[in-house]
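Number of protein chains: 2
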Amino acid sequence: MSAVERKLDDIKSTIVSEVPNDISVSDVKYEGPELVVYTKDPKRFASDGDLVRQLASKLRKRITVRPDPEVLSRPSDAREQIMSVIPEEAGVTDLDFHPDTGEVVIEAEKPGMVIGRHGSTLREITQEVGWTPEVVRTPPIESSTVSNVRNFLKQEREERRDILERIGRQIHREEMSDDEWVRITTLGCCREVGRAAFILNTPETRVLIDCGDKPGAEGEVPYLQVPEALGAGASNLDAVVLTHAHLDHSALIPLLFKYGYDGPIYCTEPTRDLMGLLTLDYLDVASKEGRTPPYDSSQVREAIKHCIPLEYGDVTDIAPDLKLTFHNAGHILGSAVTHFHVGDGLYNVAFSGDIHYDDTRLFNGAVNDFPRVETLVLESTYGGRNDYQTDQEDSEETLKEIIRETTTEGGKVLIPAFAVGRSQEIMLVLEEAMREGEIPTVPVHLDGMIWEATAIHTTYPEYLRDDLRDRIFHDDENPFLADQFNHIDGGEEERQEVADGGPCIVLSTSGMVEGGPIMSWLNHIGSEEKSTMTFVGYQAQGTLGSRIQSGWDEIPMNDRGNGRGTLKLNMNVETVDGFSGHADRQGLMNFVRTMNPRPEKVLCVHGDESSVQDLSSALYHEFNMRTFAPKNLETFRFK
Amino acid sequence: MSAVERKLDDIKSTIVSEVPNDISVSDVKYEGPELVVYTKDPKRFASDGDLVRQLASKLRKRITVRPDPEVLSRPSDAREQIMSVIPEEAGVTDLDFHPDTGEVVIEAEKPGMVIGRHGSTLREITQEVGWTPEVVRTPPIESSTVSNVRNFLKQEREERRDILERIGRQIHREEMSDDEWVRITTLGCCREVGRAAFILNTPETRVLIDCGDKPGAEGEVPYLQVPEALGAGASNLDAVVLTHAHLDHSALIPLLFKYGYDGPIYCTEPTRDLMGLLTLDYLDVASKEGRTPPYDSSQVREAIKHCIPLEYGDVTDIAPDLKLTFHNAGHILGSAVTHFHVGDGLYNVAFSGDIHYDDTRLFNGAVNDFPRVETLVLESTYGGRNDYQTDQEDSEETLKEIIRETTTEGGKVLIPAFAVGRSQEIMLVLEEAMREGEIPTVPVHLDGMIWEATAIHTTYPEYLRDDLRDRIFHDDENPFLADQFNHIDGGEEERQEVADGGPCIVLSTSGMVEGGPIMSWLNHIGSEEKSTMTFVGYQAQGTLGSRIQSGWDEIPMNDRGNGRGTLKLNMNVETVDGFSGHADRQGLMNFVRTMNPRPEKVLCVHGDESSVQDLSSALYHEFNMRTFAPKNLETFRFK
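Chains A and B are the protein sequences, given in the same order. Counting from 7, one number per residue, gives the positions in the first sequence under this note's numbering. Counting from 7, one number per residue, gives the positions in the second sequence under this note's numbering.
Source of the hints: derived by calculation from the structure; they are not laboratory data. Treat the hints with caution; some may be incorrect.
No distinction is drawn between identical chains; accordingly, a pair holds when it is met within one copy or between any pair of copies.
[Claimed, not checked] Computed cross-link-like contacts, DSSO-like style, restricted to lysine-lysine with a CA-CA straight-line distance of at most 27 Å:
#, residue 1, residue 2
1, Lys645, Lys607
2, Lys637, Lys607
3, Lys160, Lys294
4, Lys64, Lys311
5, Lys536, Lys160
6, Lys264, Lys645
Values in this document were obtained by computation on a predicted structure and should not be read as measured data.
For reference, chain A alone in the conformation it holds in the complex (with noise of 0.2 Å):
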């Protein structure tokens, strides 16, 4: 018997000796990091509310407990009581019965009524029917990445529950090595922004944090090749950790399974739709550019076929000597700060990822509130000593009055944007804006993947900052739905109609003016001296969008648009800035201030030369700390 099934056998004794003696425990299984307890009296266990809570605590895991198949009603039986159980106002959808796990995947418009105060509903169901149910939200705006990844997720239903039994039992292996140190190998994102990668190394476990590839700049990535990367072979790796869909975090992830990655990617649930959704963008942009791209869409199903979503606040068993906490992040949708807690109070190390400290529009504020934090690796995009943005209050009054003169002239407001995040925040602003008077309500376009990330958005409400959560529980004040706002999804014809049209508003990607419908949108509207051009975003150095930026009316048009030759551009170009997805500078400063405790070590990572060591610099003096900018390819040891 292996030492993981003497553990196994010993929970089970425990289970047993824990539960009242008329409810069986058949089975107990890993499933990742949880726990699954199979019984014959699905309904006795439900009955008593307390017994899974009491059984979690005392063993220190994640439990689920489902019906032993043997004892299953049917489920066209089971399908009419839990029907009958779950309010009508719930707005189920779906009910899809999997009588392998005995679970029951209930689809609806409002989750929280399926579910119930603390879960009462839930376990009312099983108590009614036996089997388990497992309650996912009906996207209220229709989201085609959305029912992808879960009808394919539940195809490979069968071949993910086998890989999450691998994995349960490689976490809850035996701990081998008696020493005692913790160390993070920088693999990219140092002294520049982009290609984020960090391997995090105990004596027992080897884990890669993010996998990013750097815009503007293929074939810079991460330094996988080296042995303390995936040099010594990628199945040495224990667990991927993804902190957020961003692709200069997220874009390699796939290529770890060309390479014979099988194990975890842990990530929030909306960074695994979103990581589905960027990496197929980027492979369909690389081979529309002429480029190979480095994986193909069968490894973006792998990687989403090895996902396990946690929720901000879980802490999970990711190996025999770490702990994996998720924190909202702030910076997009699903975006985390990632605190591992390694061996038994030996030592804690926090990834920040990509941050925004003050709450948004969007979401709230980045979290810094940790019970043991010794080392912080934080991100410096804005830490250089000037890199302190407009307040977001300002650059609204800004953006409306830009809307405001367009608009009056009869002009267009054409705003170039990132799909995922900044394009929200904006909507929220133009919403609002509208509701209240401030400025005239005209059509807003929103074009390539906006609409897509906008509907995922909708699918995650508790991913948002609290009040936009509580507005899209109810159609009618879901901001998203907002009338004005127009899905472009007739192609070129539509475009020209909006074109050949009055005032409005367009929203396209991509954010830096480097192909995508934006393209189009300059040929048909960037002659119109009353229309105005108006950045939101970061522009990085050589893009098309920094060069307009800078004065340039003479744009090349290649095949990344849809015209020939050369455009004059007659449009106003503006810009606006104060929408950033990042912290500024003060921000990255209060982030640290407000911690309690403060980490003893920080090292300052995904900012250029001067902003980390500004940054490193400003942090040791101000709060007397240990500071570092590291290179990529340093390894530092903690403990």
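On the provided structure of chain A, position chain B as indicated by the hints.
Chain B only, in chain A's frame:
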């Protein structure tokens, strides 16, 4: 045709075009870092003294010329001719012909006379007989280690040639990467003394520097299992470089071959022989103490077979982007400061190994004169703020006083000493003092490996201090051959005789009284009140030596010695410091101070926590350079 072959072909064309038309070039091969040119006209080749030198400088390679086997004269004829060329005073003791490579190994008591002024006699030999002569010294004192190593290498000659050719092709492979960086990973001996091991790593190349154990802490071995060491496979190492033969630097070198390593070990010739002696003894001690050694003698033989001996000052290509040069370190026989030149002027790193900065009786002081060194990895054994040693002159006076007093009383002086280094230093002190009449000429008995180690010293007088080297060349002045030195080779019986006799001096291993014949000497004379035990070397905490120093006079005699139970120690106990093989604090500071140019960065290693911190801080404050006191398992990136 592979890139390596293409390059060899180019080289051959260059050689053909450089040598006169009437000299044929039949083949060109790599043999380790050297280039071997085979010719049918070896005599013509040899007649032009400058030809090889010109080729070497043109190709920037070390070049050896050998006769095409087709044109070799018969060994019996050649032998006669060779003997007629070499002056009789050279004392040739053996000629060994190798028809496969056209080499003749000449063993002589005075190799210099076989070589002649600027190699003139060697060239004369080739001009006469065509064979390529190689000269080795007949040990002035018979050494079983030297003769075993030489016989073994002779026997493995053919396999060794294959190994060298493989290594040669590896060294001269094409560079693969456009990246440029240099990293050092610390695998041991950081904030501690012992288990020296470092990885020097570029995008092309991975080199292990030293691989020692930690005395007094069995099982605390270098972190070879981490991926940046051998975790990615021992075959991922390009080369192993050994600074000197002490076990805390060499003990685990043979283990690498158990792990599958089959590349070169670069070291000096005496280091190779001493490593053989010391690692075999290491296995012997382990098995006597009932421990299971981590490898066996077959791996020691593999290690010796893979040694590529280099002389001080030889600049050697060991990888496409790495040149290695050894310099005298002044610590023990063959010890080397190790200089790496990375890329074509990209970066320079020196590892001090263990050093003695000032001249001693045995060795010239450590060399610190390099064209360039950006980073120095510096030993810090005596780097603490109070680690100043007594001047050796004063120490010698004290030792002589102790000897005078003890022998006057009719007692014996028992000196525990390390076989390699300190014993020979003390022998030189005693020989001179007796010759000059400063102490009475009494027998000096040498027990344990001391005699063998001394024999190895006399085999390589080039590695000794200038004046000592000159004296060794004259039998009647060789201080190690002085009449009073007696090698204890008669076991317990001889020791009993000595113990029963009159005043004498006994030098015996082990140096820290942790086993070996010293235990037997304690048994024989430990109870004599008129005799004196005199410590001349460092006694690590926890060793019996350190306990006796601190006043213990009841000695538990376990089966390491020959006695049983407890021994009452009545001898006087004295300690004379100042004979260390390590630079003291002042020496270490001077080593850095007199470097020109000084390095930008210094990593202080090989010292306990406070020593490395003190030295690091002192170097920073005095020379305003970046200094570090690394932990094990950190990676530093330069460039």
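### In rising order, the numbers of the hints this structure does not comply with
Checked against the structure, the hints that fail are numbers 3, 4, 5, 6, while the rest are satisfied.
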